[in-house]
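Chemist: All chains, full assembly: derive it from the sequences and hints.
Heads up: the protein sequence lines correspond to chains S and W, in order. Residue 532 is where the first sequence starts when you use the working numbering, and the numbers rise one by one after that. Residue 532 is where the second sequence starts when you use the working numbering, and the numbers rise one by one after that.
You may find that some hints are simply not true.
To be verified - Derived coverage of chain S by chain W (criterion: at least 3 residues anywhere in the stretch with Cβ under 8 angstroms from a Cβ of chain W; other residues may be distant):
no. : stretch
1   : 635–643
2   : 735–745
3   : 768–778
4   : 812–826
5   : 887–896
Derived by calculation from the structure, the hints in this document are not laboratory data. Every residue, glycine too, gets a C-beta built ideally from N, C-alpha and C.
Number of protein chains: 2
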Amino acid sequence: MSGAERLTASEAAAHLESGSLTAESLVRDCLERAEQRNAVKAWVWLDPELALSQARAADRAGRPGLLKGVPVGVKDVIDTYDMPTQHGSPVYRGNRPFADAACVALARMAGGVILGKTVTTEFANRHPRETVHPHNPAHTPGGSSSGSAAAVADFQVPVGFGTQTGGSTIRPAAFCGVIGYKPSFGEFSRVGIKMQCHNLDTLGLICRSLDDLSLMRAALLVQPRRPIDRAGSAPRIGVCRTPAWDDASPDTQALLEHTAARLSAAGAVVKDVAPAPSDILDQHRRVFEFEAARNYAWEYEVHGDKLSPALRDGLLKPGRALPLSVYIEAIENAEAFRARLDNLFGEVDLLLAPSAVGEAPEGLGSTGDARFNAIWTLAWTPCVTLPAGTGRKGLPLGIQLVGARFRDEALLDAAAWVEARLG
Amino acid sequence: MSGAERLTASEAAAHLESGSLTAESLVRDCLERAEQRNAVKAWVWLDPELALSQARAADRAGRPGLLKGVPVGVKDVIDTYDMPTQHGSPVYRGNRPFADAACVALARMAGGVILGKTVTTEFANRHPRETVHPHNPAHTPGGSSSGSAAAVADFQVPVGFGTQTGGSTIRPAAFCGVIGYKPSFGEFSRVGIKMQCHNLDTLGLICRSLDDLSLMRAALLVQPRRPIDRAGSAPRIGVCRTPAWDDASPDTQALLEHTAARLSAAGAVVKDVAPAPSDILDQHRRVFEFEAARNYAWEYEVHGDKLSPALRDGLLKPGRALPLSVYIEAIENAEAFRARLDNLFGEVDLLLAPSAVGEAPEGLGSTGDARFNAIWTLAWTPCVTLPAGTGRKGLPLGIQLVGARFRDEALLDAAAWVEARLG
Numbered sequence: 532m533s534g535a536e537r538l539t540a541s542e543a544a545a546h547l548e549s550g551s552l553t554a555e556s557l558v559r560d561c562l563e564r565a566e567q568r569n570a571v572k573a574w575v576w577l578d579p580e581l582a583l584s585q586a587r588a589a590d591r592a593g594r595p596g597l598l599k600g601v602p603v604g605v606k607d608v609i610d611t612y613d614m615p616t617q618h619g620s621p622v623y624r625g626n627r628p629f630a631d632a633a634c635v636a637l638a639r640m641a642g643g644v645i646l647g648k649t650v651t652t653e654f655a656n657r658h659p660r661e662t663v664h665p666h667n668p669a670h671t672p673g674g675s676s677s678g679s680a681a682a683v684a685d686f687q688v689p690v691g692f693g694t695q696t697g698g699s700t701i702r703p704a705a706f707c708g709v710i711g712y713k714p715s716f717g718e719f720s721r722v723g724i725k726m727q728c729h730n731l732d733t734l735g736l737i738c739r740s741l742d743d744l745s746l747m748r749a750a751l752l753v754q755p756r757r758p759i760d761r762a763g764s765a766p767r768i769g770v771c772r773t774p775a776w777d778d779a780s781p782d783t784q785a786l787l788e789h790t791a792a793r794l795s796a797a798g799a800v801v802k803d804v805a806p807a808p809s810d811i812l813d814q815h816r817r818v819f820e821f822e823a824a825r826n827y828a829w830e831y832e833v834h835g836d837k838l839s840p841a842l843r844d845g846l847l848k849p850g851r852a853l854p855l856s857v858y859i860e861a862i863e864n865a866e867a868f869r870a871r872l873d874n875l876f877g878e879v880d881l882l883l884a885p886s887a888v889g890e891a892p893e894g895l896g897s898t899g900d901a902r903f904n905a906i907w908t909l910a911w912t913p914c915v916t917l918p919a920g921t922g923r924k925g926l927p928l929g930i931q932l933v934g935a936r937f938r939d940e941a942l943l944d945a946a947a948w949v950e951a952r953l954g
Numbered sequence: 532m533s534g535a536e537r538l539t540a541s542e543a544a545a546h547l548e549s550g551s552l553t554a555e556s557l558v559r560d561c562l563e564r565a566e567q568r569n570a571v572k573a574w575v576w577l578d579p580e581l582a583l584s585q586a587r588a589a590d591r592a593g594r595p596g597l598l599k600g601v602p603v604g605v606k607d608v609i610d611t612y613d614m615p616t617q618h619g620s621p622v623y624r625g626n627r628p629f630a631d632a633a634c635v636a637l638a639r640m641a642g643g644v645i646l647g648k649t650v651t652t653e654f655a656n657r658h659p660r661e662t663v664h665p666h667n668p669a670h671t672p673g674g675s676s677s678g679s680a681a682a683v684a685d686f687q688v689p690v691g692f693g694t695q696t697g698g699s700t701i702r703p704a705a706f707c708g709v710i711g712y713k714p715s716f717g718e719f720s721r722v723g724i725k726m727q728c729h730n731l732d733t734l735g736l737i738c739r740s741l742d743d744l745s746l747m748r749a750a751l752l753v754q755p756r757r758p759i760d761r762a763g764s765a766p767r768i769g770v771c772r773t774p775a776w777d778d779a780s781p782d783t784q785a786l787l788e789h790t791a792a793r794l795s796a797a798g799a800v801v802k803d804v805a806p807a808p809s810d811i812l813d814q815h816r817r818v819f820e821f822e823a824a825r826n827y828a829w830e831y832e833v834h835g836d837k838l839s840p841a842l843r844d845g846l847l848k849p850g851r852a853l854p855l856s857v858y859i860e861a862i863e864n865a866e867a868f869r870a871r872l873d874n875l876f877g878e879v880d881l882l883l884a885p886s887a888v889g890e891a892p893e894g895l896g897s898t899g900d901a902r903f904n905a906i907w908t909l910a911w912t913p914c915v916t917l918p919a920g921t922g923r924k925g926l927p928l929g930i931q932l933v934g935a936r937f938r939d940e941a942l943l944d945a946a947a948w949v950e951a952r953l954g
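Modeler: Printed below as a string of structure tokens:
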């Protein structure tokens, strides 16, 4: 089989299991694609021999586990014992972690091949790096999980790890026209992932099929695989424009209205909901600033000159000045918001919301705005972005589906129902 | 000034500020005490020249910050860029972290001297190591923060970092007859601390004065120092025996009853409360097992042969088999317990509870039982243990005071009121 780089992780795993594909040939196809398309600059570290040697080992071992040799791209804020981990920052140039992050170890235990490290913005924060949009190099792929989103969208790897503290998984996935998933806060281990904000940081997944999310969840949670249930009835959907609605592009607004109408026509009960107070993004900002300023104490104090001004002066400095009482109030407000959402999910099965302000912005100076994501990061709710057509510039748009906390499987089932009706 | 090793951190900081003490002489006194008393085996890494060079630098810089050269002992699950960090496990032999943990960086930024690394049980879990009780070497000092508790109690350092996932800060502090403090979950940064359970792990402090807690809080939270208010009125106290009460030693039971009576006589409103469901420790155990099993994925898979059977077969193996649904139910039960406590703290200002089952057990085979601590770790509430006399064997006993979440300052004020009336 050639052209295996186009397979989803689930498809590849099935072929690997049946023997119609070897891990070595799959990894070779992915590496060839990555080399042909190195202008995308998705990878900060890619050692073909190291990837191939893992693939050959998987083949020799009979392609074990759930992943059976499927390659995974790992965002470079996630530790790997056999590849550098540099956090998108000169501060960590040459850093070689002692151990794998838990998610990397779990992926390897499940038979996965770590293909390489994908580009991240500086510390998964705002300061961008070199990756371009795979459909149009004049545009950002989004961030901070820039490389994972671009590599998956560009068929260089079927699945990539991202992280999200604001909008760093959902936004780049939406910009690049692929699936992004942020699980319920606290489900996936964060050991070995550079901690930015302990109340917000979430390991996410970027891929091209909902089935891959059930596959990777099983590997990362050490649970039996639970296939997505595509036979469910129409969900009750709450359309949630969020307090940032007026900032959405006309394309994005039209997409959301159109999608709500289409799903209603297909049998879903659809109603408008507005669970978030108008200042919800301020609460996210306060938690982010307070925690990041203390969590990056070493970097700020010892290597302040190597940090971007956006990080040092725009985030850490104001965060250091933030009173503890303001932080505690923000945490308490976030908890009240979560309680309101818990109640709302008695009335609806999922929320439909914008994935981003609009298409990927032009230029590489910014990876875009997180205002349609930060709200759900603070909410600790699971979210999926599904590709849903293109905007005025011909770049992808996504719609975001939000489920009840800890009801990720129900969200994935409902997302499959929605996906089948997007057309 | 000689004998400076007996000063509390706050006293030392005052002397350092006035110039009646230099950081070098203070650190030298602590190092001499540690050398005289090396039979306690509190330190896994102590390099006198490295400690003295930090102290001299503090003196040269005019003894800046809040700590002004005060030495701090750092539990060896906490990263230090200039000392090994071995997590009490042969897996991490020779590990030299790239960066300081945030708490270490914050202590240094505040003018602290990192004296050395204190002994931890294997990965801050159950498997004990070499430290002995400073009052009686036939007894355990408790754990997992064994070295920090023993060193502080033995006047080898005024303050030590501990961590608590079950009872790892409060229990050894109580056993050793010093003050232990577990802050509200989420306040102190955990960057660079080996993550065991992301819903439980808490950085704690061990010291010999409540004033040191306000000093260290200011340093670690980057906040102005707020001195303890000793002029407050008598608190409303809820006596909380917890579902483990029948397991407490007669000494411990008598101490709690006697203390409640004494505080009542001193003017406190005292009543019995029972906020915890009888299975609360099962919820803690499920969260612990599920999270630890995934968080230690790399150690389990790659270095399983170097783990103790207690960790590998007693914790990680059952944790891997635990269904996600059981974990989620435990998290939801914990959240319901926290909500119940929030309501209770409308009626009382603090809870009075046992710090441990009894005195430090004989032998080094176990560091003791965490059942009077795990409940409050799961609760995310701040706790303080205060020394309160001795038991039948002449070893220290403590009483535990528990405050409302995020009301740590009020807890410290109330603890000072209680301390003044313990006699």
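Chemist: Please list, smallest to largest, the hint numbers that this structure does not respect.
Modeler: Checked against the structure, the hints that fail are numbers 2, 3, 5, while the rest are satisfied.
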